[in-house]
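> Can you make the complete structure from the sequences, with help from the hints?
Mapping to this note's numbering: the sequence shown position 198 is 198, numbers consecutive.
Everything labelled a hint here was simulated from the structure, so no lab data went into it. Beta carbons are placed, not taken as given, at the ideal position from N, Cα and C, and that holds for glycine. Possibly wrong hints are sitting among the right ones.
Pairwise CB distance ranges, derived in the manner of DEER restraints [stated by the list, open to error]: (1) 171 / 73: 56 to 64 angstroms; (2) 248 / 73: 41 to 49 angstroms; (3) 230 / 259: 23 to 31 angstroms; (4) 230 / 30: 52 to 60 angstroms.
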Amino acid sequence: MNLRFVEAFHWAVSLKSVTRAAEKLHITQSALSSRISALEEELGVVLVDRRDKQFRLTIAGQRFHVLALRLLDVHRQLKEEMGNHASRPVALRIGAIESVVHSWLTGWLQQMRRTHPDFALELTVETSPVLVDQVRRGAQDLVFAAIPATDASVRTRPLPPMPMVFVGHAEQHTKPRYSLLDLSCTELLTFQRGSQPHQALLELFQRHGAPLPRVHAISSISAMVQLVEGGFGIATLPESAALQLARRAPLRCLLADATLAPLPIHASYREDPTSSLTESVLDSAQAYLSQGSSG
1 MNLRFVEAFH
11 WAVSLKSVTR
21 AAEKLHITQS
31 ALSSRISALE
41 EELGVVLVDR
51 RDKQFRLTIA
61 GQRFHVLALR
71 LLDVHRQLKE
81 EMGNHASRPV
91 ALRIGAIESV
101 VHSWLTGWLQ
111 QMRRTHPDFA
121 LELTVETSPV
131 LVDQVRRGAQ
141 DLVFAAIPAT
151 DASVRTRPLP
161 PMPMVFVGHA
171 EQHTKPRYSL
181 LDLSCTELLT
191 FQRGSQPHQA
201 LLELFQRHGA
211 PLPRVHAISS
221 ISAMVQLVEG
231 GFGIATLPES
241 AALQLARRAP
251 LRCLLADATL
261 APLPIHASYR
271 EDPTSSLTES
281 VLDSAQAYLS
291 QGSSG
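Below you can see the structure in the form of structure tokens.
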């Protein structure tokens, strides 16, 4: 039995789509369909119900998928135990929100490449809802977002949340400490409307009974930084990202009487019975963040 055919069947089942499975495996739809048909011919059973456009398994297909997962997992373990170092680099599709990119992503990737020489990166930077939808559809292997994926076929791990701070222009915002009343008299910049930072900012003023400032919803950290540099207002950013950006921009983290809620970070991914790379990469990210928090 050709394991590539079994793998093609697994991903079609997991992603509920021949099209998405073909994209995942970098083959054509016709090639993937041919692999499933070859399996059916070899096994002498029909695995996929082709009576409509929905991807549905037959009873035999459901039973075979359970066994196929075991077979692929044993094959993966065999390769790992025997130390197959001759394999070509594996491209892992990673998606991340800007807050992660501007804070710990680069440092983690630099460290990880030393321990994962077979790793090749395909990076997408997007908003949390887009990233969660992409991993759910199988367009990403691993995403770092502010919201968890809720799809039953996707696993999610919480990562350390990011402390949030008010960030102003280093030469314009020079007060040693800012009250909410001070901040309510300025233009405030935060992430897109409906996001956790946007909601947390509004709730902070409401909870303390402070006048609600004018809040601008900006989807890009780079755009927020440019606006702050131009004297447009004060931004709310992850502290780690603000400290990184302050090295090359006239930014200053402002001390405030009230603390912003931290930005939650979730890692979501699909389990791959043919490779442990995704989980190994995620383990590396968690270890890197643990080192940073302990240090």
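> All hints are to be evaluated individually against the structure, with a verdict given for each.
Comparing the hints with the structure gives:
no. : hint                          : verdict
1   : 171 / 73: 56 to 64 angstroms  : 59 angstroms, holds
2   : 248 / 73: 41 to 49 angstroms  : 46 angstroms, holds
3   : 230 / 259: 23 to 31 angstroms : 27 angstroms, holds
4   : 230 / 30: 52 to 60 angstroms  : 53 angstroms, holds
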